[in-house]
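So the protein lines, in turn, are chains A and B.
Here this note's numbering is used: the first residue of the first sequence is 30, the next is one more, and so on.
Here this note's numbering is used: the first residue of the second sequence is 30, the next is one more, and so on.
Wrong hints could be hidden among the right ones.
Copies of the same chain look alike in the list, so a pair counts if it works inside one copy or between any two.
What the hints assert, rightly or not - Derived BS3-like pairs (lysine-lysine); straight-line CA-CA distance at most 25 angstroms: (1) K57 - K47; (2) K204 - K47; (3) K188 - K31; (4) K57 - K31; (5) K57 - K188; (6) K31 - K47; (7) K31 - K204; (8) K47 - K165; (9) K188 - K204; (10) K57 - K204; (11) K188 - K47; (12) K165 - K188; (13) K57 - K165.
Derived from the structure by calculation, the hints contain no laboratory data.
Quick caveat: nothing in here was measured; it's all calculated off a predicted structure.
There are 2 protein chains.
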Amino acid sequence: MKIHDISMTVHSDMQVYKSRQEMRPELKITRDFDDSAARETTLCMNLHTGTHMDMPLHFIPGGATVDQLDLSRLVTACRVIDLTGVDLVIHAEDLMPFDIREGETILFKTRNSLSEDFDFEFVYLATDGAEFLAAKGINCVGTDSLGIERAQSDHGTHKTLLGADIIIIEGLRLKDVPQGRYELCAVPIKIAGAEAAPVRAFLIER
Amino acid sequence: MKIHDISMTVHSDMQVYKSRQEMRPELKITRDFDDSAARETTLCMNLHTGTHMDMPLHFIPGGATVDQLDLSRLVTACRVIDLTGVDLVIHAEDLMPFDIREGETILFKTRNSLSEDFDFEFVYLATDGAEFLAAKGINCVGTDSLGIERAQSDHGTHKTLLGADIIIIEGLRLKDVPQGRYELCAVPIKIAGAEAAPVRAFLIER
Chain A
30 MKIHDISMTV
40 HSDMQVYKSR
50 QEMRPELKIT
60 RDFDDSAARE
70 TTLCMNLHTG
80 THMDMPLHFI
90 PGGATVDQLD
100 LSRLVTACRV
110 IDLTGVDLVI
120 HAEDLMPFDI
130 REGETILFKT
140 RNSLSEDFDF
150 EFVYLATDGA
160 EFLAAKGINC
170 VGTDSLGIER
180 AQSDHGTHKT
190 LLGADIIIIE
200 GLRLKDVPQG
210 RYELCAVPIK
220 IAGAEAAPVR
230 AFLIER
Chain B
30 MKIHDISMTV
40 HSDMQVYKSR
50 QEMRPELKIT
60 RDFDDSAARE
70 TTLCMNLHTG
80 THMDMPLHFI
90 PGGATVDQLD
100 LSRLVTACRV
110 IDLTGVDLVI
120 HAEDLMPFDI
130 REGETILFKT
140 RNSLSEDFDF
150 EFVYLATDGA
160 EFLAAKGINC
170 VGTDSLGIER
180 AQSDHGTHKT
190 LLGADIIIIE
200 GLRLKDVPQG
210 RYELCAVPIK
220 IAGAEAAPVR
230 AFLIER
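If we strip away everything but chain A, and leave its shape as in the complex, we get:
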C-alpha cells in the first residue's frame, strides 16, 4: 500500500485565496516549555483555508452541512485526470475525452499544482464544465486551486455543482501524482452546521 499525501500544509505564510490578509491562518502558542510542562497551540482559520471541502450551504441557503455528510462519499475510488495542458479555463469539451460516469469522484490535476504561491490567474472550472459534471451525476470533484471558479459574478460553477449535490474539494496538491485510478480518503473535520471544513486528503495505491 502506497499513500500519496495530496494536502497543503497549514502555516501562517501559506497561499490563501486572492492573497487576502484576513484569510491567513493564525497559529498561536498558548503554553510552552518556558513556564509549563507542555506546549499547546491555538489555530484560527477560515474554513476555506488550504485543502478543504465545500458543502451545499456554502452557496445555497439552508443547504446541507459538513456534519451531515455520509463519510463513504469521501472514502471512495477516484480518478485523477491530467488537465495540465489547460491554460486558464476547464470547459466541458476538456472533460469529454475522459468517459466520466455516474457516481465517480474526479480530481483535476492542473498547472495549479506546480506552484505554492497564489496565482490570480489560476485554472478554474467554467459553468459549462460544472453543468457537464452535474449531467453525468458524479459524486465529487476535486481541484488543485483554492477556488473551483474565478470571477464568475453569478457563481455558476459552485451553484451548479452544489445544487446537484456534488461535493467540492479545493486546494489539493497533485504535482507528484500521475493520472490514474486511486482510493481517495478526504474526510472533513466534523464541525456542527458548517458550510466547509478542512480535510487531510490522501490517495491510496494498492
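Could you slot chain B onto chain A? The hints should help.
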C-alpha cells in the same frame, strides 16, 4: 464496507478539557446570505479540542510534529478493547489479558464514551499502563477521554508514551463500537510545526 464514525462534533458547547472556558472552540460566520452570495465561517480552536492527536512536541522539547508524521501509522489495522469495566484508572494489569503485540494500534473503549459532558473523574491511563504499552512497542494508543492522563504532576503517562514514539489519540467516541478488530483512519490536519492536530477518526469494517 461499513464505516463507524468515532469522532466528536466540534461546536461551541462541546465538552472541553476540565471545562475550561479558554478551551472552547469559537465559530464565527464572517460572510452570509444577508449581504453576500455565500456563507463563510472562521474557526478558532485549541489544537487539543475534540478528537485530536498528540505528537511528541506536546511534552518533549524539540519533539516530532504533526507535519512530520508518516500517514501509514494512522491508516492501519487496530483493535478496540473493552475497558468499560474499569472504574477510574487503567493499569498494566487491566491490559495484560489482551495479548497486546509490537506495532499494534489499541483503542480504549471506556465509560468515557457513554457521556457527552466533561467528567472530572474521567477514566485515564496510569503511568504503569503507559510503561506496559511502551515495553510492548505499540504504534498508537487511542482513548475516549480528552486527556489520556489526569492530575499526574509528573505527566508520566504522556511522557512515557510520547518518549517511546507512541502516537496518542484523544477524544474518541466508541459507544456504538463493539470490541474487535477494524481498520483505523485517523489522519490529522497537516499543520506546520504543531504539537497536535484535530483528526476525523473512523473505523472501517469489511
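Status of K31 relative to K57 across identical chains (alpha carbons, at most 25 angstroms): For K57 and K31, neither the intra-copy (34 angstroms) nor the inter-copy (38 angstroms) Cα distance is at most 25 angstroms.
Alpha-carbon proximity between K57 and K204, which holds within one copy, between copies, both or neither at 25 angstroms: Cα proximity of K57 and K204: none, with 30 angstroms in one copy and 34 angstroms across.
Within, between, both or neither: K31, K204 at alpha-carbon 25 angstroms: Within. Shortest intra-copy distance 16 angstroms satisfies the 25 angstroms Cα cut-off; inter-copy 32 angstroms does not.
25 angstroms Cα threshold - placement of K47 relative to K57: both (23 angstroms within a copy, 21 angstroms between copies)
Identical-chain pair category, K47 with K165, by Cα at 25 angstroms: neither (31 angstroms within a copy, 50 angstroms between copies)
Intra/inter-copy verdict for K188 and K204 if alpha-carbon distance must be at most 25 angstroms: Answer is neither: 28 angstroms inside a copy and 38 angstroms across each miss the 25 angstroms cutoff.
Alpha-carbon proximity between K165 and K188, which holds within one copy, between copies, both or neither at 25 angstroms: Within. Shortest intra-copy distance 16 angstroms satisfies the 25 angstroms Cα cut-off; inter-copy 53 angstroms does not.
Up to 25 angstroms CA-CA - K165 versus K57, copy category: Intra 45 angstroms, inter 36 angstroms, cutoff 25 angstroms: neither.
Within, between, both or neither, where K188 and K31 count as close if Cα-Cα is 25 angstroms or less: neither (35 angstroms within a copy, 31 angstroms between copies)
Within, between, both or neither, where K57 and K188 count as close if Cα-Cα is 25 angstroms or less: between (35 angstroms within a copy, 23 angstroms between copies)
Status of K47 relative to K204 across identical chains (alpha carbons, at most 25 angstroms): Intra 21 angstroms, inter 43 angstroms, cutoff 25 angstroms: intra-copy only.
Intra- versus inter-copy proximity for K47 and K188 (alpha-carbon distance at most 25 angstroms): within (20 angstroms within a copy, 42 angstroms between copies)
The structure shown violates the earlier hints numbered 3, 4, 6, 8, 9, 10, 13.
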